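Q: Now for the letters of each chain:
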Amino acid sequence: MKKFIINIFLFLLVSLMFAGSLEMVLRHIPNDYSYKKDYLDTHANEIETLVLGSSHAFFNIDPIYFSDNAFNVAHAAQPLNYDYAILKKYDEKLVNLKMVIIPFSYFSLWHQLAKDREARRIKNYILYYGIKNENDPIKSHFEVLCSNFENISRILSYFKGTNIQQTKLGWGTGYRIPNAPDLETLGKNAALRHTKDIYSPENQKLCADNVAFLDSIIHICQRHNAEVLLLTTPHYKTYREHVNKEQLNAMIKTANEMADNHPNCTYMNLMEDSTFVSTDYCDADHLCEIGAKKLSLKLANDIKAQNLYKSGDCGSSSENRACWKNMCGSK
Amino acid sequence: MLFNSIAFGIFLPIVFLLYWAISKNVKTQNVFLLAASYFFYGWWDWRYLSLVLLCSITNYLAGVLMMRVNEDSGNAQKRRRLILTVCCLVSFGVLGVFKYYDFFVTSFVDAFSMLGIHLQANTLHLILPVGISFYTFHTLSYTIDVYRKKFEPTRDVVSFFLFVSIFPLAMAGPIERATNLLPQIYKRRTFDYALAVDGMRQILWGLFKKVVIADNCATIANEIFNNSGIYSGSTLLLGAIFFTFQIYGDFSGYSDMALGIGKLLGFKFLQNFRFPYFSRDIAEFWRRWHISLNTWFRDYLYIPLGGSRGTKWQVVRNTFIIFLVSGFWHGANWTFVCWGAYHAILFLPVILLGKNRKYTDTVAEGKVLPSLKEICQMVLTFGLVVFGWILFRAENMAHAWGYISGIFSSSIFSMPTGLGSGKPVFLICAFMLVEWFGRENQYAIEKLNFAKKKYFRWAIYCAIIYLICSSGGEEQEFIYFQF
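Same order as they appear, the protein sequences are chains Y and L. Residue 16 in this note's numbering sits at position 16 of the first sequence, with consecutive numbering throughout. Residue 439 in this note's numbering sits at position 439 of the second sequence, with consecutive numbering throughout.
Derived by calculation from the structure, the hints in this document are not laboratory data. Just so you know, nobody snuck in bad clues.
Chain Y is faced by these chain L residues, among others (derived, beta-carbon under 7 Å): (1) F191; (2) W458; (3) S470.
In silico DSBU-like links for lysine-lysine, alpha-carbon gap of 30 Å or less: (4) Y:K3 to L:K27; (5) L:K447 to Y:K2; (6) Y:K2 to L:K27; (7) L:K24 to Y:K2; (8) L:K454 to L:K367.
All values derive from a computational prediction rather than experimental measurement. All C-beta atoms in this analysis are idealised placements derived from N, C-alpha and C, irrespective of residue type, glycine included.
Construct all of the structure, not just a fragment, from the sequences and the given hints.
A: Right, here's the structure in full:
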C-alpha cells in the first residue's frame, strides 16, 4: 500500500512538473493572439481603422493597402461577442478610431465559440487578451489542456520561426495560395458546416445575443464618432449554391436593419461580387493573397472615395453616408 | 457522478484511502463500501436510492425465504417457484413502470389510432432511474441461481446490499453474477500492489476510450445524425462509423474503468468486452460485446427456452426471443427492438448451420497480422454491425429509415463532408492499432511488454494522460446510463 501511494505520488509529481513546464513554454511562445494584444497595448491610440471579426476578415483584409493607420485584430472563428470584448477592452485607448470593419457572414449571427469545434480558441482570449466569460470551461485556462496536437506543432514552429502567421498589421498569411481545383467540394463542405437550424430556441437566443453584441459595438463606435462597416466578403459560387436561403436572407435582413437603424453603420454585401474569380480564392469562403489584395484595395478606395472619415470635400457626413450606402448597394 | 467528472476524481481517492485505512475486518470494509456506494448513487438523485433498496430487500427476502422452504415437503419446488415469481414480478414491475410504461401506453394508443380509434394517452413521464436495468438483472441473477440451487442464499444483509449497489457497477454494469462477486464480498480484501497497479492502468485506458475516442467521435456522429437530411450518403455512412466507435469507446471505456476501480478495491469483476470489432462473424461479435448481458440472457433465458437444441423452428424462435428481449432491454423504443431483430436475422444462418462456435479463439492468435481471409471476415462483420448501430442510434424508425435510404443514394460516391480536421480519424486509427496489438489481453494496454523499464511505462502513461486532458471532445454522458 505504502509503495503504491509513493509511486502514485511520484508519478503525479512527475506528470505535474512535465505539464507545468510545458505550460510555461507554450505560454512564452509568441502567437497571433499575443502579438495582436501587444500591438493593441502599444499602438491602440494610433489606430484609425480597426478590422474585427473572423477568418473572413483575418485572411481577406490586409490593412497595408489602407492609407491610414489600420490594424486587423480578427482571428479565425472569432465571434461577435469577442469582437465586442476586444473593442471594449481598448475603448479608451482607441482615441483616433474612425472606422471599424466587421465581416458579417452567413453564420455570424448563429456563431459562438463555446459550442463550436473551434472552442479550444477560448483559451487564447483568456490567456492572452485577459477576456474571461462566466461559462468558460476550466480547461480553457491552460494551454496544455486545450490545444491537443497543436502544442507539438507550435513548439516546432517556434524553432522554424513560423509561430506567427500574420503580417505586422495583423493580416493572416496562412491562406496565400489559390486552391481552385478543390473549390467545388470546399464550397459545399463549408456551406453545410456553416448552416444552422435558425429556428431552434437555442439558435434564436444566440442570434438575439449576437445582435445585441453588434449593437453594442456600433454604440461604442458612435461614441468615438467612428463608422461601422458590416461587410459580407466574396464567396465562391459553390458556397453560395449550398447555403440555406432562409438563413442567408435572415442574415442580410439583420445587416440592413442595423444599417438603417444606426446612422454610423453601413452594410456592404460582396458575397456575389463577380469581380472575384476562382483564382482569387484559397477556398470557397476565403481569399488568397491576390484576392485579399483586390478586396483590401477595393475597400480602401471605396472608403477614401466616399471620404467616410467625416472630413474632406464630399459634403456633410450625412450626405457622405447616403452616398456610401448607395454605392455599397445593400440588398 | 460520472467516472470522467471532477467530483468522481475527488470521490475515488478519498474512498480508496479510507477503505484501505479502516480495512481491519471484512465487516468494516463492506459497511464502508456500502455507504460509499449509496453516496455515489445518491449523488445523482437520492430519491431513487429507494428503488435500489426495494430491489435489494425483495431479492434478499426471496433468498432467505427460499432457504427456509422445507425441501422434504411435497410442494417445496412449487413454493420456491412462487417466491421466485413474486420476486421477478416486483423487480420487473419496477423496471416496467419506470422504463416501459410510457412506451407501452403510447404504442397502444398509436395502434388504436391506426384503426381509427383515438384514445387518450395517460403517460407518467417518469425520470428513468440510472442503472435500473443493470441492478435489476444483476440482482435477479442471484435469486434465480438460489432458486436453481447453484448458490447458497446469504443471510448477511450488508454483503447482499453491497452486492446489489457496489458503486463501480451501479450505473452501467458489468452485470455481475452472485457466484463471482458474493464470495469476494464475504472475504476480507487485502491490498495487492500488482492488482492495484493493473487497476490504475485499466482506469487510464478506459478514460482514454471514453474521453478521447468516444467524446471526439460523438461530436461528429451527433452532428451527422441530428442533421441527417442535409448530408450525402458517404457522410451518413461515415457518421454511422463514428457512432460505431463512439459507442464502443463509451461503453467499453466505462466497463474498463469499473473493472479498474474494482481492482483498486480488491475485486475482480467479470470482463465485459473482448475487442468485438475484431470479430470474424456475428456470433463471435456477440461473444465479445457486452459479455455480461449476453451471458445473462444465455443462461437465464435462452437455455431455459431450449437453446440451440430442439427443432429448427424452436432454435429460430429462441434466437429471435433472446435478441428481441436484448434489444428491448436497451430502451423503450422500436428502434432497439428492430436492432435486436436485425441481429437475430444476422445470427440465424450461423446458428442454423451450427457454426456459432466456429471462432472462439482470438483472431490471428500469436501473429502480428491477420490473413486476407480474416481481414475480409472482420470487415464484413464490422460493416454489418455498423448498419445495426444506425437503428440503435436513430431517434425513431422514420429517422433510421431516412438515414439508411440516405446512405443508399447516388451521393454515396461523393466525398464525405463536415468532418473538419482529420483528428478523430487519426485517433481512431491509432486506437485500433493499439487495440489490435493488445487483443490477446483483457484490455489493450494490460501488458506493455515492450516497455520493461518503469520510467518508459510512466512516459507512456503521461502521454495517455496528456491526450486525455488535451484531446478530449465535448464532455458527454455515458450512453449506457440511459439504459
